[in-house]
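Novice: Chains A and B supply the protein sequences, listed in that same order.
Each residue of the first sequence is one higher than the one before, starting from 1 at the first, in this note's numbering.
Each residue of the second sequence is one higher than the one before, starting from 1 at the first, in this note's numbering.
Just so you know, these hints were derived from the structure itself, not from any lab.
In this text, a Cβ means the ideal position worked out from N, Cα and C, and glycines have one as well.
It cannot be assumed that every hint is accurate.
The following label-pair restraints were derived from C-beta to C-beta distances [claimed, not checked]:
id	chain 1	residue 1	chain 2	residue 2	range
1	B	Phe30	A	Tyr293	34 to 40 Å
2	B	Asp181	A	Ile145	31 to 37 Å
3	A	Glu73	B	Asp181	32 to 38 Å
4	B	Ile27	A	Phe230	19 to 25 Å
5	B	Ala122	A	Pro125	39 to 45 Å
6	B	Asp181	A	Ile272	15 to 21 Å
Which residues of chain B face chain A? A few of them, derived with a C-beta cut under 7 Å, are [stated by the list, open to error]:
id	residue
7	Met35
8	Gly51
9	Val126
10	Val130
11	Asn140
12	Gly153
13	Asn156
14	Ile197
15	Gln199
16	Asn226
17	Leu266
18	Pro270
19	Tyr275
20	Gln279
21	Ile283
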Amino acid sequence: MISAAESRKNAPRWVRLLVPEDAPLYQRNEVIAGWLMALPALLVLTIFLVVPFLMAFVMSFTNQRLVSPNPTEWVGMKNFERLLTVRVFTLEPERDENGAIVYADDGGIAYPRLRTFTRKNPDYPELNGLREFASWQSGENRTIILAADVVFLRALINTLVFAGVIAPLQGGLALLLALLLNQSLPYINVFRAIYFAPVVVSMVVVSLLWRFIYDGENGLLNTLLGIATFGSFQPVDWLGNPYTAMPAMIAMSAWQAVGFHMVIWLAGLQTIPVSLYEAAGLDGAGALQKFRYVTWPGLRNTAVLILIVIVIQATGLFVQVDVMTRGGPLDATQSVVYQAVQRGYDKQDIAEGSAISVVLFVVVLAITIVNRYLTRDRD
Amino acid sequence: MSTMTWETRHKLILSLRYTLLILISAIFIFPIVFMVVSSLKPDLQLLRDSGSLRAFLPVGDISLNNYAFAFERVPVIQFAFNSVFTTVVAVLASILLNSMAAFSFAFLRWRGKKLMLTLIIATFIVPFEVIAIPLLLVVNSLPWIGPEGFKIGWLNSYHVQIIPFIADSLGIFLFYQYFRDLPDELVEAARIDGASIWQIFTRIVMPISGPILATVAILKFLLMWNAYIWPLMTVRTEELRPIMVGLQYFFQRYTYWGEIMAYLTLVTIPVLVFYLALQRAFIESIATSGIKG
Numbered sequence: 001m002i003s004a005a006e007s008r009k010n011a012p013r014w015v016r017l018l019v020p021e022d023a024p025l026y027q028r029n030e031v032i033a034g035w036l037m038a039l040p041a042l043l044v045l046t047i048f049l050v051v052p053f054l055m056a057f058v059m060s061f062t063n064q065r066l067v068s069p070n071p072t073e074w075v076g077m078k079n080f081e082r083l084l085t086v087r088v089f090t091l092e093p094e095r096d097e098n099g100a101i102v103y104a105d106d107g108g109i110a111y112p113r114l115r116t117f118t119r120k121n122p123d124y125p126e127l128n129g130l131r132e133f134a135s136w137q138s139g140e141n142r143t144i145i146l147a148a149d150v151v152f153l154r155a156l157i158n159t160l161v162f163a164g165v166i167a168p169l170q171g172g173l174a175l176l177l178a179l180l181l182n183q184s185l186p187y188i189n190v191f192r193a194i195y196f197a198p199v200v201v202s203m204v205v206v207s208l209l210w211r212f213i214y215d216g217e218n219g220l221l222n223t224l225l226g227i228a229t230f231g232s233f234q235p236v237d238w239l240g241n242p243y244t245a246m247p248a249m250i251a252m253s254a255w256q257a258v259g260f261h262m263v264i265w266l267a268g269l270q271t272i273p274v275s276l277y278e279a280a281g282l283d284g285a286g287a288l289q290k291f292r293y294v295t296w297p298g299l300r301n302t303a304v305l306i307l308i309v310i311v312i313q314a315t316g317l318f319v320q321v322d323v324m325t326r327g328g329p330l331d332a333t334q335s336v337v338y339q340a341v342q343r344g345y346d347k348q349d350i351a352e353g354s355a356i357s358v359v360l361f362v363v364v365l366a367i368t369i370v371n372r373y374l375t376r377d378r379d
Numbered sequence: 001m002s003t004m005t006w007e008t009r010h011k012l013i014l015s016l017r018y019t020l021l022i023l024i025s026a027i028f029i030f031p032i033v034f035m036v037v038s039s040l041k042p043d044l045q046l047l048r049d050s051g052s053l054r055a056f057l058p059v060g061d062i063s064l065n066n067y068a069f070a071f072e073r074v075p076v077i078q079f080a081f082n083s084v085f086t087t088v089v090a091v092l093a094s095i096l097l098n099s100m101a102a103f104s105f106a107f108l109r110w111r112g113k114k115l116m117l118t119l120i121i122a123t124f125i126v127p128f129e130v131i132a133i134p135l136l137l138v139v140n141s142l143p144w145i146g147p148e149g150f151k152i153g154w155l156n157s158y159h160v161q162i163i164p165f166i167a168d169s170l171g172i173f174l175f176y177q178y179f180r181d182l183p184d185e186l187v188e189a190a191r192i193d194g195a196s197i198w199q200i201f202t203r204i205v206m207p208i209s210g211p212i213l214a215t216v217a218i219l220k221f222l223l224m225w226n227a228y229i230w231p232l233m234t235v236r237t238e239e240l241r242p243i244m245v246g247l248q249y250f251f252q253r254y255t256y257w258g259e260i261m262a263y264l265t266l267v268t269i270p271v272l273v274f275y276l277a278l279q280r281a282f283i284e285s286i287a288t289s290g291i292k293g
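Input sequences plus hints: build the corresponding full structure.
Specialist: This is the structure in structure tokens:
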């Protein structure tokens, strides 16, 4: 039998390049087979995932549109500047010639019109074209947050809020359900199957059904709340009210996906040895202490996984928005992906849609890295 | 409490526990019950009933009329066939491609596979909608040779609905995780016996990979059966549309809610039946594949 080192020496250069040095046997076949077997999948992923992603990256620096009379040009960071420009601006009250504050007819402090600053004011070139995103009173001044693209800024904040709320909420509910199901009672598998069922139903179907549930007039939620409070509940138009639309969407999304993460928690629970609980019981630990000192440490890895999975899913928020609210009311449910599709596909502004996609990618990447860092093993 | 015997106390706790489990079940089931029940009611009654608990009861003017109308409005049989066809092909192809790649990553020694695997896992964080538009440009410029000869552009076809999805990083990763935990001796023994790599893959590894195969198959099945945005973007010819796109037909000048409920029931029941038939395998394989990470 020839040794590995010897066979490497005699092999052609490309084989030496591909065969690992510590390989125990001469493995030209193995290398070829390895590549051949991985190739079909790698090819499909490259053409239909990697290439489109790189295209989005490249197009985000151009002004490409689907159909345009003008040739596509490089525009550098312009798309990103338009999306992400945010400035804080302080509006000072109008004063008369003595320096006293002028009051408006309704008794409030009078301010110069904002648009005298944002419409081609040569003294404030950096404010040109910006629009008001939010404002509040600070002393006699008014602080205003200006953004070049208020809808996108709203979508970005909404998406972060959605992900930030749904991750602990859905993960926590899933853990509660898992704890409830993690015992050998008769028929427990029936309940497990029921709690999981919404996961397999299409999000389009779920969104349409929940439109009925959230309806302001005859909605099932209003009906059920009315019955539960003996008719004293005032009906709410859950999706039509800017304050309830996002919470409603969060609740419905959690309802749909909680079963999936419950199953992952359950699997994590079952890896914790029973002997640990018995030992804790002998030491006089109560149910809560057992959870704190046995269950939770044993679920660490599961928790990290669940958190990352939920956040990644949540940042892709799209179908619910598309079917239930189309971003409304008053942009309360705009999401980043919904904006990317609306601009890139509906308005055929591919460059801007791509730029939004790239921003989303960077945000998700950052969240994942921070998450990894915070939950790293400290030993 | 002290007057209670241990047994009555145990029974009380048990019945409380079951009551809680049943109440939670109601939360998860009620929209689905509402959907099925409403599909049997005419629109006016449907809207009136949703103001009371009658929404969950098949009472009043009950008929299958909505289904008949839905069949008239949408070529249901054709759409269902399209969905079954694209789903079956994609499921089979994705099992083959993903497991082959994962086998290569798990058992075969070649350079660069660590890097490849890392890259594949990294693609998890790209949501489909983000690449949908450039993907549209890609498929629109790819060549295809079919019965009608050579042409550029994949739009309006079955393959545009299938081929972009026959490999996916999650599928590769799930298979890889499962293969990695199989005992090395299994493969080494076969190797010493002179089995070829392909034989090891098809005769030894795949036959004991049932659970993970079921997971990958079901995940792909759900993804394909529920496909909505992509076919909406790429398929204009009616004969090629999948079942979910049929929903578009109900949001015309007037929204026919009874018919929509009938159609939602039609598209959801196959999935639920499939799921209930395989639920044990499904849930358990998701569980086993989920914890390792």
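Novice: Please go over all the hints and tell whether each is borne out by the structure.
Specialist: Tested hints:
1. Separation of Phe30(B) from Tyr293(A) is about 38 Å and conforms to the stated range, judged on CB atoms against 34 to 40 Å.
2. Taking the beta carbon of each, Asp181(B) and Ile145(A) are about 52 Å apart, not inside 31 to 37 Å as hinted.
3. At about 52 Å, the CB distance of Glu73(A) to Asp181(B) disagrees with the hint of 32 to 38 Å.
4. Checking the proposed 19 to 25 Å range against Ile27(B) and Phe230(A) shows it holds: the Cβ atoms sit about 21 Å from each other.
5. Distance hint for Ala122(B) and Pro125(A): a CB-CB separation of about 41 Å, consistent with the stated range 39 to 45 Å.
6. The given range of 15 to 21 Å is respected by Asp181(B) and Ile272(A), whose C-beta atoms sit roughly 19 Å from each other.
7. The criterion of a C-beta within 7 Å of any C-beta in chain A is met by Met35(B), whose closest approach is roughly 6 Å, and the hint holds.
8. Hint on Gly51(B) holds. Least Cβ distance to chain A is approximately 5 Å, under the 7 Å limit.
9. For Val126(B), the interface hint holds, since its Cβ comes within 7 Å of a Cβ in chain A; the closest pair sits about 6 Å apart.
10. Annotation: Val130(B) was flagged as interfacial toward chain A, and the flag holds, the nearest CB pair being 4 Å apart, inside 7 Å.
11. At its closest, the beta carbon of Asn140(B) sits 10 Å from a beta carbon of chain A; the interface hint therefore is violated under the 7 Å criterion.
12. Because the closest C-beta pair between Gly153(B) and chain A is about 14 Å apart, greater than 7 Å, the hint is violated.
13. Here the hint on Asn156(B) is broken, as its CB sits about 17 Å from the closest CB of chain A, past 7 Å.
14. Nearest Cβ of chain A to the Cβ of Ile197(B): about 4 Å, under the 7 Å cut. The hint holds.
15. With its C-beta approaching chain A no nearer than about 11 Å, Gln199(B) sits outside the 7 Å limit, and its interface hint is violated.
16. For Asn226(B), the interface hint holds, since its Cβ comes within 7 Å of a Cβ in chain A; the closest pair sits about 4 Å apart.
17. With a cut of 7 Å, the hint placing Leu266(B) at the interface with chain A is violated, because the nearest CB-to-CB distance is about 10 Å.
18. With 7 Å as the threshold, the beta carbon of Pro270(B) stays out of range of chain A, its nearest partner Cβ sitting at about 10 Å, so the hint is violated.
19. Because the beta carbon of Tyr275(B) sits about 4 Å from the nearest beta carbon in chain A, less than 7 Å, this interface hint is met.
20. With 7 Å as the threshold, the beta carbon of Gln279(B) comes within range of chain A, its nearest partner Cβ sitting at about 5 Å, so the hint holds.
21. At a threshold of 7 Å, the smallest CB-CB gap from Ile283(B) to chain A is about 5 Å, leaving the interface hint in force.
Violation of the numbered hints given earlier is confined to hints 2, 3, 11, 12, 13, 15, 17 and 18; the remaining hints are satisfied by the structure.
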